[in-house]
Amino acid sequence: MATAPITLVDNSWVRPLSQTLTIYFKEAKYEFLTRLRLRAYSISTITFPLMFYVLFGLVLNQKDAPVGGVGIATYLIPSYGTFGVMGASLFGTASGLAAERGLGWLQVKRASPMPPFAYFMAKVALGMTFSCVVATLLLLLGVTFGGVHLSVLGATKLVAILVAGSLPFCAMGLAIGYFVGPNSAVATINLIYLPLSFCSGLWVPIMFLPKFMQQIAHFLPPYHLAQLALSVVGAGQHESNWIHWEALIGFSLICLGVARLGFHRDEGKTYG
Amino acid sequence: MIATLDETQELRKQGSGNGGAVIASLRRASKNYGEVQALRRVDFTIRAGELVALLGPNGAGKTTAVKLFLGLAKPTTGTVSVFGGNPIHAEVRTRIGAMLQVAKVPETLRVREHIDLFSSYYPRPLPIDEILRLAGLQEIKDREFGELSGGQRQRVLFALALCGDPDILFLDEPTVGLDVESRRVLWEEIRRLVARGKTVLLTTHYLEEADALADRVVVINRGEIIAEGTPAEIKASTAGRRIRCVTSLDIETVRGLPGVIEVRRDRAGLEIRAGSAEPILRELLIRDAALSNVEVTSAGLEEAFLALTGTNNDAT
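Taken in order, these protein sequences are the chains called A and B.
The numbering used here applies: residue 1 is where the first sequence begins, and numbers increase by one.
The numbering used here applies: residue 1001 is where the second sequence begins, and numbers increase by one.
Keep in mind that the hints were calculated from the coordinates and are not lab data.
Below, a list of computed lysine-lysine pairs in the PhoX-like style, where the Cα atoms sit at most 25 angstroms apart:
1. A/Lys-109 x B/Lys-1104
2. B/Lys-1074 x A/Lys-109
3. A/Lys-109 x A/Lys-26
4. B/Lys-1104 x B/Lys-1141
5. B/Lys-1104 x A/Lys-29
6. A/Lys-26 x B/Lys-1141
7. B/Lys-1141 x A/Lys-109
8. A/Lys-109 x A/Lys-29
Label pairs and their calculated CB-CB ranges:
9. B/Gly-1059 x A/Phe-48: 44 to 50 angstroms
10. A/Gln-215 x B/His-1089: 47 to 53 angstroms
11. B/Asp-1142 x A/Leu-21: 22 to 28 angstroms
12. B/Gly-1310 x A/Val-14: 49 to 55 angstroms
13. B/Gly-1150 x A/Phe-212: 55 to 61 angstroms
14. B/Asp-1142 x A/Gly-257: 41 to 47 angstroms
15. A/Ser-18 x B/Glu-1139: 29 to 35 angstroms
16. A/Leu-21 x B/Glu-1233: 48 to 54 angstroms
17. A/Pro-116 x B/Gly-1150: 26 to 32 angstroms
18. A/Leu-21 x B/Glu-1181: 39 to 45 angstroms
19. A/Glu-239 x B/Gly-1059: 54 to 60 angstroms
20. B/Glu-1139 x A/Ala-160: 45 to 51 angstroms
21. B/Gly-1034 x A/Ala-164: 37 to 43 angstroms
22. B/Gly-1150 x A/Pro-16: 34 to 40 angstroms
Just so it is clear, CB atoms sit at the ideal spot from N, CA and C, and this is done for glycine as well.
Based on the sequences and whatever the hints tell you, model everything.
Now the structure itself:
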């Protein structure tokens, strides 16, 4: 059969912007659909922080025992909010990435002209969206049942800080996702996530932890996010906010560097 | 169905032959993973319109070769070229379709959702209805991937390979694990692709598949190409006839006949391999009046393959 003359690539091709945006949108849309239909992610991300909050912030609430200068119901919103954001971000990125890498799906996508960034952005979007949902729900619970008083501005600021704070943990999730296998991903994430949360003072407020642990906390990213969120309600340790932002940004950059290493290392994995 | 495939085979034989331009190649390409040499200075070309089968045992380097063509790995030395460009660049991949072996595909997405997403990656994808038709997925387009059978899943992966209307497709062991019926269906779909003018590189360790589909077979073992030619040429390149019979002669006597390469017991009878069948048959008929169930076949591609890779393994 007649074959048309072979056209060669011309090296100057650029994808039109509208097509690129469509790819980013669809990648995110289908990531959401996949995870929402699975239910494991959406349910656990939202239920655990809310459950802890109801238990420790509402039910076992001793209204006249202030923590950090505010009621416990108020204190625990930024605190469990950080916990929730961290979980939403880590599980939104790392477990999906580890599974899709380890089981060959990411390779299929990389064999196509999909821009790799769209893939990662979809996962980050998932993490950030659920962070927003968790933070908002906690706030609603607190305001409705916990007697928490927060101005609209304050509430917006709190949620905005928590959502912004989801980014360092999305970066962390990408870094973890590149270095764990598909079967051990969830366990590994929990092994890091849970002790990290405790030692950052997200469960037991930081001032109730032993002195040496309080000092270690300064090296832990969740501590810094929690402090930024707590300062909105006036319950932080009154350190300069810049320290916290710098710690989070620095941490994000390190994680992105690690993720990038993993991205480039991946080509050398299997043979056959 | 059989008629259709004969017709398409005829059309292709009349048309392309060896005339197509080279559209993809590996030139002196090596790929090392640490100390393992997955490919050693391989020269490999693919011409427009042909269906090339890359045939080899597991670990031979087939998947590595495909990864080089897809830009998923870079050659340690040598070059890879597809449509005159390096497949590392996304632009080249807009003209490539790939079907890889994958352990897990997102199970909660529906068939048409998978296709919709992959189609968006390409500048000029086929309309979704045509993709569904080409891959035989119209009935199951709304099913979640996790609900599909093995054969259906492979057809979805096939659909993802062709959704961008690529000019060349790389299929890595596309029928592994499929039952006979599903395999035939996929073969038919692959043949239709080539009949429409696409180029296909297929890797396989199923000799029957290479024999059934390929214009040209390239045999690879331990990272090196050890033979190349049409299926008929590969079969002819190894001497051999296979004689099956039931005889009262004992196996050692038969083994001692001149010209016999090897004798095996095959249930109630013997299987004899020899360079040429006639002298052996004459001896058997003279010596054993009760000789029965005689079958003579030429060494199939399997023999050729085993012979090629066997000598290759012995030589190194």
